[in-house]
Structure formats: structure tokens, C-alpha cells
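Same order as they appear, the protein sequences are chains Y and C. Residues in the first sequence are numbered from 19 upward in steps of one, following our numbering. Residues in the second sequence are numbered from 120 upward in steps of one, following our numbering.
Please keep in mind that the hints were generated in silico from the structure rather than gathered at the bench. Just so you know, not all the hints are guaranteed correct.
In silico DSS-like links for lysine-lysine, alpha-carbon gap of 25 Å or less [to be verified]:
| hint | chain 1 | residue 1 | chain 2 | residue 2 |
| --- | --- | --- | --- | --- |
| 1 | Y | Lys90 | C | Lys199 |
| 2 | C | Lys313 | C | Lys227 |
| 3 | C | Lys190 | Y | Lys83 |
| 4 | C | Lys190 | C | Lys227 |
| 5 | Y | Lys90 | C | Lys190 |
| 6 | C | Lys250 | Y | Lys85 |
| 7 | Y | Lys32 | C | Lys251 |
| 8 | C | Lys190 | C | Lys250 |
| 9 | Y | Lys22 | C | Lys250 |
| 10 | C | Lys227 | C | Lys125 |
| 11 | C | Lys253 | C | Lys227 |
| 12 | C | Lys125 | C | Lys290 |
| 13 | C | Lys125 | Y | Lys22 |
| 14 | C | Lys134 | Y | Lys85 |
| 15 | C | Lys199 | C | Lys251 |
| 16 | C | Lys134 | C | Lys227 |
| 17 | C | Lys134 | Y | Lys32 |
| 18 | C | Lys199 | C | Lys250 |
Each pair of labels, with its calculated beta carbon distance range [to be verified]:
| hint | chain 1 | residue 1 | chain 2 | residue 2 | range |
| --- | --- | --- | --- | --- | --- |
| 19 | C | Gln286 | Y | Leu57 | 20 to 28 Å |
| 20 | Y | Val69 | C | Glu351 | 37 to 45 Å |
| 21 | C | Arg330 | Y | Asn67 | 54 to 62 Å |
| 22 | C | Pro317 | Y | Ser79 | 18 to 26 Å |
| 23 | C | Asp187 | Y | Ile53 | 23 to 31 Å |
| 24 | Y | Tyr91 | C | Lys313 | 44 to 52 Å |
| 25 | Y | Asn77 | C | Glu351 | 34 to 42 Å |
| 26 | C | Asn167 | Y | Ile53 | 35 to 43 Å |
| 27 | C | Asn167 | Y | Ile33 | 47 to 55 Å |
| 28 | C | Gln286 | Y | Pro48 | 47 to 55 Å |
C-beta: ideal position from N, C-alpha, C; glycine also.
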Amino acid sequence: MDEKLVQIISAAFKIPAASVTDDLEYQSIPQWDSISHMLLISDIESNFNIVIDTQDVINLSSVGKAKEILRKYIPN
Amino acid sequence: MLLKDKTILITGSSKGIGKATATLFAQHGANLVLLSRDIAALNELSANLSSACSTVVNVYQSDVRSHDSLKAVFTDLNTKGIVIDVLVNNAGIMIGATLQTVSEELIKQTYETNVFGAMYASQFSLRSFLKKRKGNIINLSSIIGAKGSAGHSVYGSSKMAIIGFTQSLSKELAPLNIRVNAIAPGFIDTDMTKDLTPALHEKTLSSVGMRRIGTPEDVAKVALFLASDLSEYVTGQVIGVDGGMVI
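Isolated chain C (complex conformation) (with noise of 0.2 Å):
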């Protein structure tokens, strides 16, 4: 139980890495609070979650581009008086298309949710940490913004700036006891990946050293690493969890 007495708000939980980090906290006696755009899928797994685990768990319908949305939640949560532990920020996007054919819209909507409602939820975070003189974010990334790669170049940047995000902010409060870290995962099986065409599959497969694609879990593990006390020393870090892929 790496995660009992803990609270933590994990954005864009209703499926994929979201999904198995909120599953794997639930198991290691986390209290939940989970955001997403997709209630319906969040009430399906906080009832799982409760009675499988016994944990307290606080769904609620947000955009995280939206400040306003995530002010909406944080009120209400100080409202209960519940303060968080831990951020994940989690929530993102991917594009997968030549530059020249990613729409200005496109480009708003990626940085909006994978950059920007990063920095909103630390912002509100912020408060509960302040309020313990403790607090811990962790930010994912991705390789592609660590190495980058073709037909990336909004979504990478973005998955870029997460990574410029973490180191900087990790100096700015580790001052005052807490920590950031962020998570480059690379080749994973989930919705982001699952419209690949069996060639383009096989060949991004071929670049992972451990020669399959990662689960969701893998990813929750090195959350969970992080999550726990048993990281209480490290900040400022990305960590890669990707099966040796080289991009």
C-alpha cells in the first residue's frame, strides 16, 4: 500500500494511461479524484474502483483547456475540504500529421490541452501543496518529446515544452518540499496508437528493444514510483519507460 492516506487528482482518467494510473493507485490505497471530459466512463470506473478497492473517489466532468472548468473543480474540492497529495497530469492529445496539414485549430487544441491545462492544474494545485508545505506533479510526456520524429512536430513540441515545464518548475518549489517529475513513455498500446496500419505498427515496433509495445501498466508503475515516498528524493526528472525504443 505505497499510496495510503494519499489523494490524488489524475486529468484525462477515463481511459488509456489515465485509466491503468488510477487502477494502480486505487489497489495501492490511493483516494481518487478523477477528471475527465467522458463522465460516463469515470462514473463506470469510480464505481469499480470503490467497491473493488475501498477507496474514496471524486469524479468530475472537466477540460482541462478550460481554466475556468478547472477552477470549477478545485473550488468545489476546497469546498469538501479535500486537499491533494499528488497531480498527474495526464490529460493529452496526439496528432500525427505532416506540418503542413495540421489546421491552426489542431495546433490550439494540442498545446491548450497538453501544454496549458498542465500549467492550469499545477496553478490550482499549487494551493493544497502550499497549504501541507508538500506536494508532488507528475507530468507526462512522451519520447517524441524527448527524441522528436516526422509527423510530430505539434504534438512533440508540446510533449517538449511538458519536459522544459517540469525541470523549470521543479526548481521554482523544491524550496518548499515539492516535487515535479515527468514521464516520457514511449511505443504504448492505447487509443493514441491503435489506428496505426499494421506496416507503420510492425515498423514502430521494430525500434523498441524489448520488441513489444508497452501496456498502460508499465507506465502506471513508474506513477506509482513516483507517486510514493519511495521517490521522495528525486525531482526534476523524466523518465523513460519505453522498452529501449530508439526514434
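Just chain Y, same shape as in the assembly (with noise of 0.2 Å):
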């Protein structure tokens, strides 16, 4: 599940896999702005084939945040 979701913040952002680290943060890199971020969530339900409640859209701040809010919905 988290190889997954690096591939699909690595080509939302166009971004090497191995650029996606847990660190990675909402708005530290200028691929991962506003926009984008609304697109990652989707790319992100529309691939697990999940509805993230809007709560935890609100707290996807970075990839470490993002693999553990995934974790709630695909508990294995």
C-alpha cells in the first residue's frame, strides 16, 4: 500500500519515487501546491477506490500523514 501511494504522489507531482519521503510536506516543494493537493486527493481515492472523510483531508499535510491516514481506510 505505501509503495502504491509513492507511485501516485511521485507522478501526481512528477517527482523521482525516491523524493517521496515521510517528511515530505504540503507546499515545501512547488509541485505540491494548492492545486495540486486537491488532485492528489483524488488521484488517491480514485486509485484505493476510497472516500477520505474531510477531516482527514484536512490533516494529508505530508506523506508520513497521508500513509497513515490511507492506513485507517485499508487496514492491510
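Put the two chains together into one complex; each comes in its own frame, and the hints tell you how they fit.
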């Protein structure tokens, strides 16, 4: 699951997968702006076929957070 | 067939402007997702539209004031693989009363229905729009929201909020190819206006330049324009449908 998420983020921001580390944060790179953030949420939802709660969307502020939140929706 | 292959969600669609909009949209080939608290009326409308227009209609009993109620609708749509193209935020209530005589509960109900409901539905719809990298929100405001009217401070301010919501959200979403517009109907023949006294009805009519009350279909036709690709370069606009009404 984590690997798939990294691939989604890498594709969304057009950055190498190696750059998608847990401490990569929203708005810390030019590619992760407010517009691409909305599209990223959509890509995550589509790829995992889930609907992320608004509060979790608000909390999804880094790659590490994204992994943590995703585990709530896909336990295994 | 201006809406062929489009799936359109309309809140408050069991009567009045919402029902007229659903009917016109179905005639133009749209598939519909209809929401209302009145599921019996929706089922009847759905049966009529399905047989008359061969359109796919999904109905949900839903109260837009409830975030959970809307979440359940959108979760079910997601499960069914239904991705909406257009959202019409039509559900609304109107109270005509001086501010001193409006209860706290009614103020809350008005804002929860007219403002918060539109915001919740728009938030949920964004998920569909972002998947397609395209979307369209049509908000129902009112001439009272645009111009103000004595005895409508609560309703009018809620509809003014819708104008602000429309204008700001249109700027936020334009880079994502998502359009947001509003319609500001004037004096329209619906349940909201049927209880006027004959004297007030006449007085209101005299303020309409075209000297006739508008029909729900008059509003639906503008919604059709905004929902269709005829308006594909139109966003952030508030279009009056008021026959030249002055208030």
C-alpha cells in the first residue's frame, strides 16, 4: 500500500519516487501546491477506491500523514 | 439534446424550480441524481421522467442540512460508480418576516439549508469533478440576495452568502476546469410565493418590468444553459432571471 501511494504521489507531482519521503510536506515543494493537493486527494481516492473524510483531507499534510490516514481506510 | 451523457445531481428536486430543472434536463438527455426530503414525490417524478425521457434517474431521500446525509448519498454514488458532471444546489427555504420576529431555530434552519447544504454538496461533488478534471456547479441564489428586500434579512443574507460562495469558489476552481455560477430568480410561481396575499401579489407583480410572474421553467432554461457546454467559458457569474424586476 505504501509503495502504491508513493507511486501515486510521484506521478502526481512528477518527481522521482525516491524523493517521496515521509517528511515531504504539503507546500514544501513548488509541485505540491493547493491545486495539485486537490488533484492528489482525488488520485488517492480513485486508485484505492475510497472516499476520504473531510477531516482527514484537512489532516493530510505530508507523505507520512497520508500513509497514516490511508491505513484507516485500508487496514491491511 | 444539450445534456447527453451528462450526469446531474439536483438538490431539492421534488417540486418548484428543482422539479422543473430536473424535467428539462431529462428532456435534454441528462441522467439524473435527485435529492429531496420528500421521497414519495421524488419516486413519482423519477417514474415519469424515466418513462417519458428514457433517462436514468437515481433518487435519494436526503436532507442537505445534514453532512452525514449527503455523505451517505455520495458514498453510495461512489459504490455504484456514478460520477456526476454537474451539481445544482437548489434546495432552499424562504422566510418572510421582520428580523425581530424570526426565531433562532429558523435562522439556523435557513442558513443550514440555503448555505451550509450548498457548501457540503459542493465539497462532496468535487471528488467527482476532480476525477474527470472537469465540473460544473450551479447555485440558486435570489434577487433578494443580490438586491435586498425588507422583511427578508435572514433569507436575503443567506442568498447573498451564496453569491459570495459562487464568486470565490469560481476563482478557486477555475484552474481545475470546474465552473461555478449562480442564478438569481425574481418573482417565481412556486410554493415559496403562493401564500402571498392578493394585495401583496399585485404589488410584487407591479415591480416586475415584464408584468408577469416567472415560471419555474423560466429558471430551468437558464440552468440548462449553465449546465450545458454552451456556457463552457462562463464562470463566476450571477445571472438574474427576473423579468426586469426592481426591488
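Taking the hints in turn, this is what the structure says about them:
1. Y/Lys90 with C/Lys199: Holds: Y/Lys90 and C/Lys199 sit about 22 Å apart, inside 25 Å.
2. C/Lys313 with C/Lys227: It holds: about 24 Å lies between the C-alpha atoms, which stays within 25 Å.
3. C/Lys190 with Y/Lys83: With a Cα-Cα distance of about 23 Å, the restraint between C/Lys190 and Y/Lys83 holds, given a limit of 25 Å.
4. C/Lys190 with C/Lys227: Holds, at about 21 Å.
5. Y/Lys90 with C/Lys190: holds (18 Å)
6. C/Lys250 with Y/Lys85: holds (21 Å)
7. Y/Lys32 with C/Lys251: Satisfied, since the Cα-Cα distance of roughly 19 Å is no more than 25 Å.
8. C/Lys190 with C/Lys250: Given pair C/Lys190, C/Lys250 holds - Cα atoms ~17 Å apart, limit 25 Å.
9. Y/Lys22 with C/Lys250: Holds, at about 18 Å.
10. C/Lys227 with C/Lys125: Not OK: C/Lys227 and C/Lys125 at ~34 Å, beyond 25 Å, violated.
11. C/Lys253 with C/Lys227: Not satisfied, since the Cα-Cα distance of roughly 33 Å exceeds 25 Å.
12. C/Lys125 with C/Lys290: Within the cut-off at roughly 23 Å; holds.
13. C/Lys125 with Y/Lys22: The given pair, whose Cα atoms are some 31 Å apart, is violated under the 25 Å limit.
14. C/Lys134 with Y/Lys85: violated (45 Å)
15. C/Lys199 with C/Lys251: It holds: about 16 Å lies between the C-alpha atoms, which stays within 25 Å.
16. C/Lys134 with C/Lys227: OK: C/Lys134 and C/Lys227 at ~23 Å, within 25 Å.
17. C/Lys134 with Y/Lys32: violated (48 Å)
18. C/Lys199 with C/Lys250: With Cα atoms ~15 Å apart, C/Lys199 and C/Lys250 stay inside 25 Å; holds.
19. C/Gln286 with Y/Leu57: 20 to 28 Å: Holds: the Cβ-Cβ distance is about 23 Å, inside 20 to 28 Å.
20. Y/Val69 with C/Glu351: 37 to 45 Å: For Y/Val69 and C/Glu351 the Cβ distance comes to about 28 Å; the hint is violated.
21. C/Arg330 with Y/Asn67: 54 to 62 Å: holds (55 Å)
22. C/Pro317 with Y/Ser79: 18 to 26 Å: violated (60 Å)
23. C/Asp187 with Y/Ile53: 23 to 31 Å: holds (29 Å)
24. Y/Tyr91 with C/Lys313: 44 to 52 Å: holds (47 Å)
25. Y/Asn77 with C/Glu351: 34 to 42 Å: Check passed, 35 Å falls within 34 to 42 Å.
26. C/Asn167 with Y/Ile53: 35 to 43 Å: holds (42 Å)
27. C/Asn167 with Y/Ile33: 47 to 55 Å: Distance hint for C/Asn167, Y/Ile33 holds at roughly 53 Å.
28. C/Gln286 with Y/Pro48: 47 to 55 Å: violated (27 Å)
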